[in-house]
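Engineer: For the record, the sequence lines run as chains H and F.
Using the numbering used here, the first residue of the first sequence is number 1, and each one after it goes up by one.
Using the numbering used here, the first residue of the second sequence is number 573, and each one after it goes up by one.
Hints are not guaranteed to be accurate.
Stated by the list, open to error - Here are the simulated SDA-like cross-link-like pairs (lysine to any residue), alpha carbons at most 25 Å apart as the crow flies: (1) K129(H) <-> S117(H); (2) K651(F) <-> K694(F); (3) K605(F) <-> E367(H); (4) K146(H) <-> V122(H); (5) K60(H) <-> H47(H); (6) K132(H) <-> I145(H); (7) K392(H) <-> K651(F); (8) K72(H) <-> R169(H); (9) K392(H) <-> I362(H); (10) K585(F) <-> R169(H); (11) K392(H) <-> R696(F); (12) K132(H) <-> H47(H); (13) K585(F) <-> I620(F); (14) K612(F) <-> H346(H); (15) K605(F) <-> L377(H); (16) K605(F) <-> H346(H); (17) K605(F) <-> D364(H); (18) K605(F) <-> L365(H); (19) K671(F) <-> Q413(H); (20) K253(H) <-> N43(H); (21) K605(F) <-> A383(H).
These are computed hints drawn from the structure, not numbers from a lab.
All values derive from a computational prediction rather than experimental measurement.
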Amino acid sequence: MDKSKETKTTDYPAFFRKRIFIIIAVSITPMILVSGIILYQFNRSYHEKVHAHLAELVLKHKQNIDGFLVEKLGNIRVLAKTFSFEELSDESFLRDRLEMLQRGYGPVFVDLGVINSQGLQVAYAGPFKLGKALYSTAGWFETAIKNEYVISDVFLGLRGLPHFIVTVRDNWKGESWIIRATIDFVAFNNLVGNIRVGETGFAFIMNREGELQTKPLFDVMPDKGPYLEFMKTKLKEKDDVQIVERKDAFGNKNIYVAAFLKGGDWLLVYQQRASDAFSDFRRALRVAFAIIILGGLAITSMAYLLSTRMAYRVARMDKERQMMDEQIVETGKLASVGELAAGIAHEINNPVAIMVEEAGWIEDLLEEEDFKEGKNLDEFERALKQIRTQGKRCKDITYKLLSFARKTDSRIQEVHLNDMLEELVAISAQRARYSNVTINTNFQSNLPLLEVSQSELQQVFLNLINNALDAMEKTGGKLEMSSKVEGDYVVVGVADNGPGIAKANLSRIFDPFFTTKQVGKGTGLGLSICYGIIKKMGGEIEVRSTVDVGTTFYVRIPLAKEKEKEEVVATT
Amino acid sequence: MSKKDIAGTDRIKLLLVDDEAGYVNVLSNRMAKRNIDVTKSLSGTEGIQALRKQDFDVAVLDLKMEDINGIEVLKIFKKMDPDMPVIMLTGHGSEQAAKEGIECGAFDYLMKPCELEDLIKKIREAVSPGR
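Turn these sequences into a full structure, and let the hints steer you where they fit.
Structural biologist: Okay, structure coming up:
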């Protein structure tokens, strides 16, 4: 029996794990998928947005710087066209022109110089003592004399300071001459230096040889990074901007934005750490991950909770079903035995009645005088009495069998349980005294009324009390009766400290015809009848017993239904 | 004849209806010794025929019989002789039928098998003039 039970038992931990896994998979998969898609889309559009923003920034500054250079060149060209070589060769005139320019455009122009075709500076106005310097060997002079106008790269020159110059060539009496203006490096540097975004975004200018034309805010290694690649690129549009993301020499991922200046001679480079440029995105990413992790945790814990509850419920339902199966078997067993018993009882009743009456008839006849003198008269009378006694015993047995099948008085009525129990204790008191048993009662006062069959309930408790007294008949002892409300039930306890019931017998005591009493002392039906009665009332009967300690029967009787209780409350 | 015979005043005329022949026979024997003349009927039909032939002081009627239900027999008896008391014999656990019988005018009922003394006591009660 135990084996079949084991095979029926579900593997609850596996069931539990499977539920958890399914719930987690079903909940987390869509969450991760949706979050992943959203993050991917967000990442893309955010990158696009940042790129577009930086491209615009760089383009604006490129136009700004180009505009600046064109404007300065324009100023000098106007000077060359307006005045002749002769006029400008006069240093005081040249100084006036410088002052005029500085007055008009601020201290952008540092100095002016006029140089003839041999590279000799014929006039100079400015803060440095460059006087009649000879530039015939200077690199910039060769370029300047060949071109109509030149904007040089930044160089140190004679003065030993970084600067760049704007030169315009013109002719006077068949000879080329050059007017040269130095642009204030600081003012120009500021044009680029002011480009600052975030914590790490900065800009600088470098020429085609990779030499820096402005002072970058942070260290830049021109031979590393994508700068030279930018140089090699041939742009279709002059306003094109190139954007690249890659790791720099220090291992940091940077975003590089570059645009050509000065007709492709210079490169305006903006660079920023990717982590800085996309800091908002990183923050959003962190929040998203936090939400995903929290969501995952919530789902996992919910899955755990739900599965635990589900597993618990399934386990309980299985247990209940198993109990119900057992009960059905038990009830079926009792019912079939009951029917059989009732049939036998009916069939036996009549022959027994006839036997008893025939014995009575013989007794009647024995009273006639013929027999009075018979030497065996006493023995006849004893035998007849015995027939009647045994016939009565048969009748008792059939009565009990019939009680088992059909209850004596099953009318439902209101029962004061405590009063009824007191009555039963009083009835049993005499017998208890003979057996040297003391009966103690511990009844909860104000028990609600029960709606059951009084005579059936009496039968149950009388049976239990009698059993207890039987158990303690030889030794004496204590019988404890108790009643109390527990939830929707009244629980009555009948406890003795008799010899107890052996474990092997404990599961069989409610079986019909099972008895441990001597032959002729018990029918083995008492507890079966109790069991049937209590089950019919919707209650339960339970036994706990320890050998040599005692036995306690607990009878749980359901209270009257809520509706009726409310009515009682309403009327009181 | 026994002493009881002489001691008895009027003999009671009783109609016993029960389909258990052995029981009817022994009862009639024993009752005869107790001043009761028993007319035996082994079915409801026989009982009705017997009542048609003569009057009885009292009837004892088994409720469970093969041909006609005891309650039906009781109703017919009550129509034929409303003054005749009827004592019913029922099987254990058939109180419902017994109560139905009381409602139909039966004097009382006894659970079968019953002690002869109880039955006779009930019979004397039924025929006592004070009733």
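Engineer: Please flag the earlier hints that this structure goes against, numbers listed from lowest up.
Structural biologist: Hint check: 7, 10, 12 and 16 fail, others pass.
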